[in-house]
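Undergrad: Spelled out, the chains give:
Protein chains: 4
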Amino acid sequence: MENLVQAYNTTRAHTQNLCKPLQIEDYTPQSAAFASPPKWHLAHTTWFFEELILKKHVTNYKVFDPSYGFLFNSYYNSLGDRIQRGHRGLITRPSVDEIYKYREHIDREMNVLLKNLPSHEVLALTTLGINHEQQHQELLITDLKFTFSHNPTYPKYKDTNYTCKAPKTNEWLECTEGVFTVGHTTDDFCYDNELGAHRVFLEPFKIAKDLVTNGEFIAFIEDNAYKNPKYWLDNGWQWLQNNQISHPLYWKSINGKWHQYTLSGLQPVDLEAIVTHISYYEASAYAFWAGYRLPTEFEWEIAAAQLDWGMAWEWTNSAYLPYPNFKIAEGPLGEYNGKFMNNLMVLRGASKATAANHSRHTYRNFFSPESQWQFSGIRLAK
Amino acid sequence: MENLVQAYNTTRAHTQNLCKPLQIEDYTPQSAAFASPPKWHLAHTTWFFEELILKKHVTNYKVFDPSYGFLFNSYYNSLGDRIQRGHRGLITRPSVDEIYKYREHIDREMNVLLKNLPSHEVLALTTLGINHEQQHQELLITDLKFTFSHNPTYPKYKDTNYTCKAPKTNEWLECTEGVFTVGHTTDDFCYDNELGAHRVFLEPFKIAKDLVTNGEFIAFIEDNAYKNPKYWLDNGWQWLQNNQISHPLYWKSINGKWHQYTLSGLQPVDLEAIVTHISYYEASAYAFWAGYRLPTEFEWEIAAAQLDWGMAWEWTNSAYLPYPNFKIAEGPLGEYNGKFMNNLMVLRGASKATAANHSRHTYRNFFSPESQWQFSGIRLAK
Amino acid sequence: MENLVQAYNTTRAHTQNLCKPLQIEDYTPQSAAFASPPKWHLAHTTWFFEELILKKHVTNYKVFDPSYGFLFNSYYNSLGDRIQRGHRGLITRPSVDEIYKYREHIDREMNVLLKNLPSHEVLALTTLGINHEQQHQELLITDLKFTFSHNPTYPKYKDTNYTCKAPKTNEWLECTEGVFTVGHTTDDFCYDNELGAHRVFLEPFKIAKDLVTNGEFIAFIEDNAYKNPKYWLDNGWQWLQNNQISHPLYWKSINGKWHQYTLSGLQPVDLEAIVTHISYYEASAYAFWAGYRLPTEFEWEIAAAQLDWGMAWEWTNSAYLPYPNFKIAEGPLGEYNGKFMNNLMVLRGASKATAANHSRHTYRNFFSPESQWQFSGIRLAK
Amino acid sequence: MENLVQAYNTTRAHTQNLCKPLQIEDYTPQSAAFASPPKWHLAHTTWFFEELILKKHVTNYKVFDPSYGFLFNSYYNSLGDRIQRGHRGLITRPSVDEIYKYREHIDREMNVLLKNLPSHEVLALTTLGINHEQQHQELLITDLKFTFSHNPTYPKYKDTNYTCKAPKTNEWLECTEGVFTVGHTTDDFCYDNELGAHRVFLEPFKIAKDLVTNGEFIAFIEDNAYKNPKYWLDNGWQWLQNNQISHPLYWKSINGKWHQYTLSGLQPVDLEAIVTHISYYEASAYAFWAGYRLPTEFEWEIAAAQLDWGMAWEWTNSAYLPYPNFKIAEGPLGEYNGKFMNNLMVLRGASKATAANHSRHTYRNFFSPESQWQFSGIRLAK
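Residue numbers (numbering that gives the first Met the number 0), protein chains in the order written: chain A, 0 to 381; chain B, 0 to 381; chain C, 0 to 381; chain D, 0 to 381.
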């Protein structure tokens, strides 16, 4: 209990810390339907606590502002109409200041509630809300980077540029065949999509101990792989053509030298750092070009204990689908994960932008195969 | 000269006055490719003076910030690359404060220049820049209204709601046939599209002394005219279907009563006020339904001296095309008007959002036939 | 009367003659929403006589096939629902043979009707139907050419390649200022859009006696004019970029030499022939590049008696708008022309594909400014 | 060998038999990018034998027509450029007659080759070509149905309406847990995507012995399930909204009674027949609404021996992904299957339109989740 209150307050404070380097002007604009503004992240995570906990579990609770349900609901059909996804950046009012007041208000109410012997349901929902807010902390960073990248002045967010590297081992981890249990089995928190633990049979496989580096990826570019359909899935090849893609997101060649926009501004590409901002299509093409393949999410999960991970979300070759016995909850929580299990690929691991202690071996992240704006990278298997 | 300095300073101050009611958050977001953010209007009008006057007519002039040319050029191909039109709302930096400093800096430089016996060319360009800024004053208001209208909280900009009405006369002004000169003929300022004064022959016509009111327009709606293709141009009918249009922009029926979003918030529609936020397609359909037609721009110009006008931009049935002997200037100024003479319709008059003394009988405003976001209304002819 | 019967039968036979070189396979497919298949043209022109004349003026007339009203109505809202415009090529049944039977049937009925002292209304409608069919004769050719052009085997339709040339005079016709009457004034047939004859004042102008040739147009291409925004209307420039246009429709450079697809197959471009398959945007850019302008439709009409014309439809700089006192007829005929008076440009003259005796000085043809698939060319003015 | 020659000739003849009821007009038009015309199917299957066998394995083979490689290549990047997929319906020439001559020619050449002790490679390629042609036999039927369905006269192809039913058992097959081998393991023909046989662990499951009937599906419609987002995947819900889907493809309510377009024309929906022309989104929503789920492709494969199947392709809840050790062949055959393993779902079984002996337990069919035009149905699992 103590721990939960503390986790709540720490998480809430951390979100606001992430916003410290922002100017007021940075909080509102939206650069793509998939990328929400900082103000919206601040408000939506707060609305989650108000809508799912306070409104139901505090007697006579009075909502902070009746318009916020419409403004800050993300995608919950069961919670009513909401602003069109691509219009989140048009909400100039309420002001940033009002949103911070909203956060204060909800934090006060949540602290009162949590200190008064809350029910198991409230505790569980609070834990979910904390994890939900951690997910948005990462999105806040990646969405901000996407918006800043449209500005030719290359704004700097922080001194940290979020680039990662590790000593190169060039080694493969060998895994033997067998029946393994995958999915979440302990009492700790997990998302519903990790439940339905079940057995899988894995044929023997090897998985790389290293992630692919920028230098290695440049060899792929220089081999004209972006121009050769044979390495690409058909949809990936269409995506390249339609969007004229010829390098990872945020890269730019200046006088023949690769640079990339980072959260510290435009910088030369570090050849030894791991490549990120890679779509599944690029990851898949790279693996094919290199003579290997991507691991499945189950191979990754079984190998994870013996791998160093956490530098980038790692594309797997598994589609995001329900586990056997996956249950969709009644009500709005049933919309959290299940309805997205279509045409998305699973990523495993975590990135430098992921909240501390947020990920685990069974964690299933998922994005559409053309997504590049996450810190997503490549680990090979064979 | 004195007058010009004063006109310059008054105009520049007025733009900033229009922004007084704004919060910092209101300055940046963009709600449509055609509607620019306030910060962009503030900067672009300033860039116009810097780019076309200071850079060329001040010795050793040093540009305020080299990135501003890319950020705040609107559509001048001859002045180089520029940010994509729909991305103007992503420029969170420079901050609002920096843009105000930019304005101060340019104002200081312009005042120095104007006080030192500037050339005729500088005077002419300054006059153009003032008129250019006045145009953007109106756009600033209409673009802001468009953005605010996407916010379900219906933000209030000012107490003034920009609605107009005048006593109804139900009279027609009769005009006799003859050869008339149209276009600008005095030495006062005008845009290049008004030059090339020339003679036209007008058959006898009658033009309404009143503009169409909201009450009259509601009769059109209640006659199911939005559902009857016979009143509509074919393109207009497609536009209705594709966008599910069934009333003027900003209107909303609440419990069977028409309301409209105004710059003072959501208000009941005033039946005696003139109808505004009407596309050409709607104006044309209304005229056909009522048994009349829209005037041509030349009929309007010849009748203007005997009409009360200035409450709304009035759609004419004239396409925006060059006058005989219209000359396209060399260099960037040639891009000001001429290249838009295609698929647009001419509006005459002025609206309540138009800068004082900005319009005149020969003034040619122009928008695409589906545009609704201007204060545009209907005057009938027969 | 005799003449009308003869005109009817001649016109009907001519349409079928145009189809003689076709294979059955050529009759059905549709290559663009704007380009209808031959079978559809054959049936639609027939439906016009059945729907507007026989159904109303023959007692107890029984329609040939009740489904044809849906299949072969083009755009008449007042005559009911109809197949989506882009789906005309999916009507594999009725067969070509059945459509020819339909034509025979209607021809028989029309001949009976016309031989029995028909009313003035029937005579007028028959004349309209003949002219309507003549319009479709030209469209049949241009639409077929568009479809064939998508076939890399470059099918040959006829030995005639529809290319035109005339001796070059390099002369200008000078026209003096004055008040002129434009529009149709005789009792001969004309379309409703030519009525409302009225006076216009024309300033003095000069109009070229020649049309622009392929050789002259190649100079425009070789001056990189397709890459220089300064010659183009803004919409034209967007059109170039979005569609990657760099030469007239049907042109193709083979080993550095310009070829064009013609109705006789792929052939080298004849430098002395007039340029055709030119959009208004290209015509306008060419005129600007050459230091001239396009004539207005009224200048063209007044000069026409002294010009050689008929080799290509000539783009004018006039938007397609109603004449003063233009009346929209009640019922379906009101939809023939009036509802298209928006965002289109007027072309004057006639082309080699135009039916004999179909055009006249007052004739107003009209297409959207990006249309290239007609035999459209350029005459300059100044 | 004898058998192979016979299989070749039987298959080739069957394709032509399928076309017997067609009129010449039916052979060419194309109703969607995904649905090819009969003439194209006839030619493409023939080109496959010419391109992959005759050109490489007959000395001095002279191609029948050099333009056919461009016209009839489907998607093989390694075999050169080809006509845009949506333009297949514009190929009016070569005529239907010429394509039949092409088929005769290739058949003659193939028979000669096959009778002269061909290499193992030729035999394997011939077997592949036969299976390829069988796939196109089914597509020929489903694509034709799609085209005919756009014709409001509802053309009849055959007396057979391709509807299936079986006595209803309401029983479930129970399957116990265990490690199973999936994928092709015998020497018989299979596609590359079935190779890489491997072991999977299956948790215990039950699978329905019956397919869902039209009557059962109508209960889903009548429960307003098409209007309730809670049953739908998020992408499915978008698909419904964007395309205004409210029932299976080809269904139409006439006076409150469901009818469907069949290959025998428009007919009342048979409540006891199985539902077909269902997208994965509809199958998934139905299963959720009914309280069950779809089987995975491995569950299906393991249960298949004890199921009656073959009435409809059955959507599984498995994404189309490579098996472990899946190998992509060198050259054009590597493009046959592998590059499509993205954003598609696996279907198992066969339909009434599938060629006899074409399917098997390990067969993996695959379509995008919104595809409705195949004879696709629903089998439930739990």
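None of these hints come from the bench; they were simulated from the model. Just so you know, these numbers come straight off a predicted model, no measurement behind them. Hints may be right or wrong, so weigh each one.
Which copy? The list can't say, so a pair holds if one copy fits it or any two copies do.
[To be verified] Cross-link-like lysine-lysine pairs, in silico, DSSO-like; alpha carbons within 30 Å at most:
| # | residue 1 | residue 2 |
| --- | --- | --- |
| 1 | K61 | K326 |
| 2 | K19 | K100 |
| 3 | K226 | K256 |
| 4 | K19 | K351 |
| 5 | K114 | K208 |
| 6 | K381 | K100 |
| 7 | K251 | K114 |
| 8 | K100 | K157 |
| 9 | K61 | K205 |
| 10 | K326 | K229 |
| 11 | K54 | K157 |
| 12 | K54 | K208 |
Undergrad: Each hint: holds or not?
TA: Comparing the hints with the structure gives:
In the homo-oligomer, the alpha carbons of K61 and K326 never lie at most 30 Å apart, since the shortest distance is 32 Å inside one protomer and 61 Å across protomers. Proximity of K19 to K100 under the C-alpha cut-off of 30 Å is found in both arrangements, the shortest distances being 16 Å within a copy and 24 Å between copies. When the C-alpha separation of K226 and K256 is checked against a cutoff of 30 Å, the pair qualifies both within a copy, at 19 Å, and between copies, at 29 Å. Taking the shortest Cα distances, K19 and K351 sit within 30 Å of each other inside one copy (18 Å), while across copies they are farther apart (42 Å).
Neither within a single protomer nor between protomers do K114 and K208 lie at most 30 Å apart by alpha-carbon distance, with minima of 45 Å and 55 Å respectively. Proximity of K381 to K100 under the C-alpha cut-off of 30 Å is found in neither arrangement, the shortest distances being 53 Å within a copy and 49 Å between copies. In this assembly of identical chains, K251 and K114 lie within 30 Å of each other by CA distance neither inside one copy nor across copies; the values are 52 Å within and 46 Å between. In this assembly of identical chains, the alpha carbons of K100 and K157 lie at most 30 Å apart whether taken from the same copy (25 Å) or from different copies (25 Å).
Proximity of K61 and K205 under a CA criterion of 30 Å is satisfied in neither setting, with 57 Å inside one chain copy and 48 Å between copies. With identical chains, the CA atoms of K326 and K229 are at most 30 Å apart between copies only, with a shortest distance of 14 Å across copies and 40 Å within one. For a Cα distance limit of 30 Å, the shortest separation of K54 from K157 qualifies neither inside one copy, at 37 Å, nor across copies, at 35 Å. In this assembly of identical chains, K54 and K208 lie within 30 Å of each other by CA distance neither inside one copy nor across copies; the values are 48 Å within and 46 Å between.
Hints 1, 5, 6, 7, 9, 11, 12 from the earlier list are contradicted by this structure; the remaining hints agree with it.
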